[in-house]
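Work out the full structure: start from the sequences and follow the hints.
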Amino acid sequence: MPSPSKKRKLNHGSKASPVPVKGLEYFFAKQKQNETPNTSGEAVDASSDAPTEMTDEELARKLQAEWDLEASVPPQSEGVSDPTSITATTKEVVDSSSEPESAQADSTKTLPVGGPAPSKSSGEKGVQMLNLQSSGAKEDTVIAATPLDESPLMFDSSKYAAQLREHWSSDGGDASYALLTRCFVLVSGTNSRIKIVDTLVNCLRVLIEGDPSSLLPAVWLATNSISPPYISLELGLGGSAISKALRRVCGLDNRALKAIYDKYGDAGDVAFEAKKKQSFMLRKPKPLTIKGVYQSLVKVATTQGQGSGEVKQRIVDKLLQDARGGEESRFIVRTLCQHLRIGAVKTTMLIALSRAFLLSRPPGAEFPLRSIPDLARLKKEELAEIWARAEETVKACFARRPNYNDLIPVLLEIGISEELLLRCGLTLHIPLRPMLGSITRDLSEMLTKLQGRDFTCEYKYDGQRAQVHCDENGKVSIFSRHLELMTDKYPDLVELVPKIRGDGVSSFIMEGEVVAVDRATGELKNFQTLTNRARKDVDVGSITIDVCLFSFDLMFLNGQPLLDRPLRERRELLRSLFQEIPHHFTWVKSLDATSTDSEAVLEFFRSAIESKCEGIMVKILDNLTTVPYLGTGEDELAGELDKPAAPKSKAKAKAKGKGNGEEGEEKRGKSRRKPLLATYEPDKRLDSWLKVKKDYNSSFDTLDLVPVAAWHGQGRKAKWWSPMLMAVRNEETGSLEVVCKCMSGFTDSFYKANREFYDDGAESGEAKNTRLQQPSFVEYSGPRPDVWFEPQEVWEMAFADITLSPTYTAAIGLVSDERGLSMRFPRFLKKRDDKSIEEASTSEFLAGLWRKQEATAASTWEQKQDEADAEDDD
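Quick note: the sequence shown, position 115, residue 115 per full-length UniProt numbering, numbers continuous.
Honestly, I wouldn't trust all of these hints.
As a list, the in silico SDA-like pairs of lysine to any residue whose alpha-carbon atoms are at most 25 Å apart [to be verified]:
(1) K346 <-> Q304
(2) K684 <-> L153
(3) K752 <-> K693
(4) K159 <-> K244
(5) K717 <-> R771
(6) K475 <-> K525
(7) K195 <-> L153
Hint data in this document are derived by calculation from the structure and do not stem from the laboratory.
All figures in this text were calculated on a predicted structure; none of them were measured in a lab.
See below:
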C-alpha cells in the first residue's frame, strides 16, 4: 500500500504529467454504475473524476457519506459477515464536508462497508477496508450503565462483575481503564465524602469479584502513585513530553495547544479538549487496561540510560493514542503529571478497602463476609461501629507496613481479620509511619490537658527526624518522617549505628532526631545548616557538616515489636541497652514531671529555647485508663474526620443549629473519648504527645500555608512578587483553599530569590514554577492575580486573628454556610523546608483555631460583664 505522502501526490495530480490522474472516487463510481438504484429511486452520483484538490480527510469523509447511503439499502443476501467497520460520528454522516474542529459530536455508530463480505468457508480473503474512527470514541455503555455511586448496601456487585467479565473477555479479560476512569469522573464530581467512599467501594468490589489481578494496580493509580515512598520510582517526565504527545496524537500545533492551555490551565483539561479536537484516526485503538496503564508507568519510571527519553516518549504517545475519549485522556495526563486531584487521599482509600473486603471476596476465596441484608437493617450507629472496626484494622496494618504491594495480596487471601495485623506487621528495612504530636499553644494548656498524669518533657531539636533500622548483620537503613530512604545521605551514621548496640542487642528500630553539631564542643546548629549537607552519594571523607543522633524512642527490638509497651518501658530499654557516644549518639535531654511541677517545666522550656531548640515535646509515660482526659477532644475529632461524614451543607446546618445551644453541649458531652495511652500509635496525632514550640508560646498563632499566586509589586517592589496568595489544604478533597494575601515579613533578599524561583518568563523568556491559568485544584474566586505558582512550598505564617470572609473560601461550610475564613495581618516567618504540601495546615485545623478564638472571646466578654456587674453592685 502506498504511503500517505504518495497518496497525496496522486490526489493533487501533477501539472507536468501529460496523463490525467484519476482519484479513488473514479473507481468507486465505476462500481456504482453496475449497482441497482437505492430505495428512493434517485440515481447515485457517478461522476467520472474526483476533484484533484481533495485532502485525505475530505476524501475519507466523502467516502464515508457515500458508504452510509449505501448502508441504508437493505442487504440483498443473508449471512453478511463484516469483521471490519467504519466508526463515524453522526455529524460526519450528515455533513461529509470539512467542519470546524470544535463541532465534534459524541454519538457514534458502526456501519458495514463495501457490501457483503465473503463467507469464511469460501476460502477467499476478506476485503481490506478503511477503518475511520472519531476521536470522541464510542462510550463504553456497559461501564457507563454500572451505578458505581450507588450505596454499597444496594449495589449488586456480583451482577455487574459478571457483566463486566464478559465485556472484557473480548479484549483479553483484563479490567479496562474505562472502569477506573468512570470512578474518577464520579468521585471528582462530588464534594460528599459519603459519595466518594461509596463510589470507591463499589469500584473496588467489582475488581475484587471481576478481576482480582487488577485490584493492586487500580489502588496505586487511584492514589496517584506507583510505589511506596521508600522505593524511589519517579516518572521523570517533563511537561514537554506530554505536550509533544498531545501534538502528535491529536494533530495540534504549538499555537493551538497553547491556546487550550491558556484557557483551562490544567494539563488534564488540556488533554480532554485536545482529544475532542482530534478529527479522525485510521485505526481503532485497543482499550487501555488498568494493568497496562500501571505497567506503562512503571516502565517509564525504570527506563534509564542513553535513549531513555525516546523510550519514555513512545510510551506516553501510546497511552494517549489508545485513550478512548476525552475523560480517559484527562486522567492519563493527570496521572503522568502526578496531580490526579480526585479527593481520594490515602485515608479514604484505606476506608474504601476495608468496606469492600467486608462485602466482597475474589472467586475461590473462603473468608467470611458480612451479610448485606443484615447490615441494611442495622441502625446508623451500629453500622458505623462495624465499619470503624474494619477501618481501624486496615489503617493499623498500613501504618505498620505502608505498602499496598504487601497489603492487597493478603486482603485478597484472608480478608479483614486479626491475622491481617500479624501478616502486615513491623518489618526491618520497611519504615512504619511515625507517630505525631498535637500542637499546644502554651504551657498552661498543656498542664491542664495532662492533669493527674506523669509525663516527660523532651527537647524538640531543630533537626531532621530519622527512623533507624538495623538488623543482626549490621545492615542499616535510615528513613525520613516522610518515609523516604536517606541512608546515602548519612554514611557516617551508617558506620556508627552498629557500634551503639549493647550486649544482647541484635536488631532494632529506633527513632530520633539528626542534628547538625559542632563535633568539638557539642554545640547545636540550626536546621538550615543541616540542609547544606549533600543528599546523595555522600562520601564519609568529604563530610564537612557533622551530625549527632538524639534518640527518643524504640519501636522494635530483637524481632519483637514494642508498640504496645508504654513509653516508660520503651525508654528504659533504649537507655539501658544502647551505648552513648558523646557528640555522635545520645538520648534527647528530658525532664520527668507532673502537672504540679509548672515552675520546673517552665524552666526546662526556657533552657530548650536557649539551647537553640524549637521548643519541647511532652509525652505521657504510663497507661492510666482510669484518669479522666481533660483535653478539648480535638484529637478524637480529627480521628472522626477521617471517616465519611454527611455532606458539608448538612453537617454545617446541623452544627449551626445546635452549636450554641444546650443540645449541642449535650451532644459534645456524649462524644466518644478514648483514654490517652502511652503506647506508640503509628500514623496518629494524639494528645498523648504534645508539642510546645517557642512560636506557639508567643502572643500569636502560626499556620503552615502554601503560596499559590501573586501580583506584581508596586513602587520599590515593582520587580518582585507582592502580595502573595496563601492557601490551606482541604484534607477531604486534596484541593488548596486560599485564605489570605500576605505582603509582610519578607526581606529584600527573600523577594529576589522568590522572584527567581517563581519566574513567569517575562524577562528571562523561560517560565519556571509558574502557570498562566488557575490550577483546577486551587479554590479562589477573588481578583485575578498576575501569576499562578506551581504549588510546592510550605511557609510558616503568623497572624493577629481569624475572621469570616466573603472573599476567601477556606473552611467554608465548617463554620459558616456562606463564608470562608481569612487571617488578619498575616506575616511571613520562614519557609518550612521540612514539610511537603501534604503537611500544610488543613482547613479543619483553621476552623478549629477560629472556634477556639471565638470561645476565648466569649469567655473574656463574660468575665468583663461579671466585673462590671460587681462594680455596679458596689
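Cross-check of the supplied hints:
With a CA separation close to 29 Å, the supplied pair K346 and Q304 exceeds the 25 Å bound. Distance restraint check for K684 and L153: the Cα-Cα separation of roughly 30 Å exceeds the 25 Å cut-off, and the hinted pair is therefore not satisfied. Taking the CA atoms of K752 and K693, the gap is about 30 Å. The hint is violated against a cut of 25 Å. Between K159 and K244 the CA atoms are separated by roughly 42 Å; this puts the pair beyond 25 Å, and the hint is violated.
Restraint check: the Cα-Cα separation between K717 and R771 comes to about 21 Å, which is no more than 25 Å; the hinted pair holds. Restraint check for K475 and K525: not satisfied, since their Cα atoms lie roughly 29 Å apart, outside the 25 Å limit. Using a Cα cut-off of 25 Å, the hinted pair K195 and L153 holds, with the two alpha carbons roughly 13 Å apart.
Hints 1, 2, 3, 4, 6 from the earlier list are contradicted by this structure; the remaining hints agree with it.
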